[in-house]
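Each protein sequence line maps, in turn, to chains Y and B.
Counting in the working numbering, the first sequence runs from 1 upward without gaps.
Counting in the working numbering, the second sequence runs from 1 upward without gaps.
Where hints are given, some of them may not hold.
Some chain B residues near chain Y, calculated using beta-carbon distances under 10 Å [stated by the list, open to error]:
1) Leu23
2) Ser26
3) Val49
4) Lys52
5) Ile55
6) Glu58
7) Lys61
8) Pro63
9) Trp68
10) Thr69
11) Leu323
Bear in mind the hints are in silico, worked out from the structure with no lab data behind them.
It should be emphasised that the depicted structure is a prediction, and the values quoted were computed from it without experimental measurement.
For glycine and all other residues, C-beta sits at the position ideal for the given N, C-alpha and C.
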Amino acid sequence: MERKAFLPEGFFSDFKKEERCGVGTKRLIMDEDAIRRVLYRLSHEITEENKGVDGLMLVGIRTRGVPLAKRLAAFIKEQEKVDVPVGVLDITFYRDDLTIISSQPVVRSTEIPGRVTDRKIVLVDDVLFTGRTVRAALDALMDMGRPQAIKLAVLIDRGHRQLPIRADYVGKTIPTSAWETVHVLLKETDGEDRILIEEICSPEETPPPFPCASEAEERGE
Amino acid sequence: MVYWDYLATGKIIAHVKKGGDYLHFSRRCLLGLEDLTAEEIEEILTTAVPCKEIIQREVKKLPTLRGWTVATLFYEPSTRTRNSFELAAKWLGADTVNVTIATSSVQKGENFIDTAKTIEALGADFIILRHAMAGAPWLLAQTVDCRIINAGDGPHEHPTQALLDLFTLKEKHPSLAGLKVVIVGDIMHSRVAKSNIYGLLKLGATVRVTGPPSLIPPGIEKLGVQVVNDLREAVRDANVINVLRIQLERQKKGLFPSLREYARLYGVNKEVLSIAPQDVVIMHPGPTNLGVEITEEAASDPRSVITTQVTNGVAVRMALLYLMSGGGKSGELLS
Chain Y
1 MERKAFLPEG FFSDFKKEER CGVGTKRLIM DEDAIRRVLY RLSHEITEEN
51 KGVDGLMLVG IRTRGVPLAK RLAAFIKEQE KVDVPVGVLD ITFYRDDLTI
101 ISSQPVVRST EIPGRVTDRK IVLVDDVLFT GRTVRAALDA LMDMGRPQAI
151 KLAVLIDRGH RQLPIRADYV GKTIPTSAWE TVHVLLKETD GEDRILIEEI
201 CSPEETPPPF PCASEAEERG E
Chain B
1 MVYWDYLATG KIIAHVKKGG DYLHFSRRCL LGLEDLTAEE IEEILTTAVP
51 CKEIIQREVK KLPTLRGWTV ATLFYEPSTR TRNSFELAAK WLGADTVNVT
101 IATSSVQKGE NFIDTAKTIE ALGADFIILR HAMAGAPWLL AQTVDCRIIN
151 AGDGPHEHPT QALLDLFTLK EKHPSLAGLK VVIVGDIMHS RVAKSNIYGL
201 LKLGATVRVT GPPSLIPPGI EKLGVQVVND LREAVRDANV INVLRIQLER
251 QKKGLFPSLR EYARLYGVNK EVLSIAPQDV VIMHPGPTNL GVEITEEAAS
301 DPRSVITTQV TNGVAVRMAL LYLMSGGGKS GELLS
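From just these sequences and the hints, can you work out the full model?
Have a look at this one:
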């Protein structure tokens, strides 16, 4: 299998759907500066829509939602001079695929600072894809109390929703195919800030790893 | 030994090596700590941490095991183990069935295997078994397809008790390597002692057993433990004293002269604690015979973690049910 080299650092390309570069190819979607600018905008959108930070709590979904929530809280502190509480949510116990996978996923702790009842909660995650993680996160939060409102902030919306869920604050919408995966790399977890798209299998050879009804229909199956 | 033959036949499914975010633990039967690896024990204990967070919540209810049925089959009396298994299963969202031997068809003469098969036919996914015979869960594992957890088989093993003891210890000492643990009492008849010895040694602790020589099985040194006959000498530099219950129900004939003498020589009391280091951790698997193996004063000492052990028991059992429910309901996904 021919593997093409990484695109040069800082190269910014918007992905075009018809453009297939072969299995294993990675394309850079966002670099460090782009991620920082997007988060900065999202932090403003959050404070603007909530008219300040009263009752606000950011809850990051493990793993990469957590550093993102912390970065958003830091930007909000810059603007509003207030520390917004940041919670950590592990949704493993709420996953809907536990009986269809062969190994149990690692469960980590959930740390919510204080009660969720009557708070305005902004859920933070890196990629919004099928919507199943967000469904699990909503159930997990509801089990802890009765928040006044729950909003969703994501860095990347890559489409392919399988549930009626949408994000309130979106960093960047990227059209993707079911044969691709989005890698969000963050300094806190991966040592660098980059977002890449990788083609993980070719549509001709392999069925999509995440079956997507509409795409299958498009191909006349 | 037949038990080992069973392990060798591979009915216990081999571990699936998975990438970072997936666990390796993929057993369908937990018979004892003897055949668990240190890595598997660590996985159970790590998973118990978020479970403990759940049980401290106002609303303790998860959807994880929704649709699963956990049956407890106890041929011996129990308060802690049975109820904590039941709560662990319920809080994970499973339904539970309790087979109480005194009011079951066992009284009409139904044998052990048939009782288990009946429970399986009723739709149980897990059977939690306590039996007076060593090896009973092993026999069950050959007979039914349910997942099986040993909740104590005669004097052999009591793995979940040892796991909760290890978890409680890890809360005090995150690394058990080099920790000096004294197990005092009826080592001969105690399944808790055996499971604890296997678990502690696998995690790198040093284990010292003490008790009347008649209650220390000959050759126990071969497991890698130290035998000290004098309790006061044993506790001098101990980090942990794990006090065992005197198992009067398992002693056919008197193996020590009197309870009074036992209490005087091997009972943990204020005087014994004054010899031990200031930060020693006092444990007891319960139920306690107060005034025999431990005094009221020692059991309610601030250094005693006896009630914490009970709470942690639910967390550890939740972790185990979660881990063992992997691979699909009928286990078809386990390779």
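Hints versus structure:
1. For B/Leu23, the interface hint holds, the least distance from its beta-carbon to any beta-carbon of chain Y being 5 Å, beneath 10 Å.
2. Hint status for B/Ser26 relative to chain Y: holds, with the closest Cβ pair at about 6 Å, below 10 Å.
3. Nearest Cβ of chain Y to the Cβ of B/Val49: about 6 Å, under the 10 Å cut. The hint holds.
4. Interface hint status for B/Lys52: upheld, as the beta-carbon distance to the closest one in chain Y is roughly 9 Å, under 10 Å.
5. The beta carbon of B/Ile55 is not positioned within 10 Å of any beta carbon in chain Y (closest approach about 12 Å), and the interface hint is therefore violated.
6. Given the 10 Å rule on beta carbons, the hint for B/Glu58 holds: about 8 Å separates it from the nearest Cβ of chain Y.
7. For B/Lys61, the shortest C-beta to C-beta distance to chain Y is roughly 7 Å, which falls under 10 Å, so the interface hint holds.
8. Using the Cβ-Cβ criterion of 10 Å, the hint placing B/Pro63 at the interface with chain Y is satisfied: the shortest such distance is roughly 6 Å.
9. Against a cut-off of 10 Å between C-beta atoms, the interface hint on B/Trp68 holds, since the closest Cβ of chain Y lies about 9 Å away.
10. For B/Thr69, the interface hint is violated, since its Cβ never comes within 10 Å of a Cβ in chain Y; the closest pair sits about 14 Å apart.
11. This hint holds: B/Leu323 has a C-beta 6 Å from the nearest C-beta of chain Y, less than the 10 Å allowed.
Going down the numbered hints, you'll see the structure goes against 5 and 10, while the others check out.
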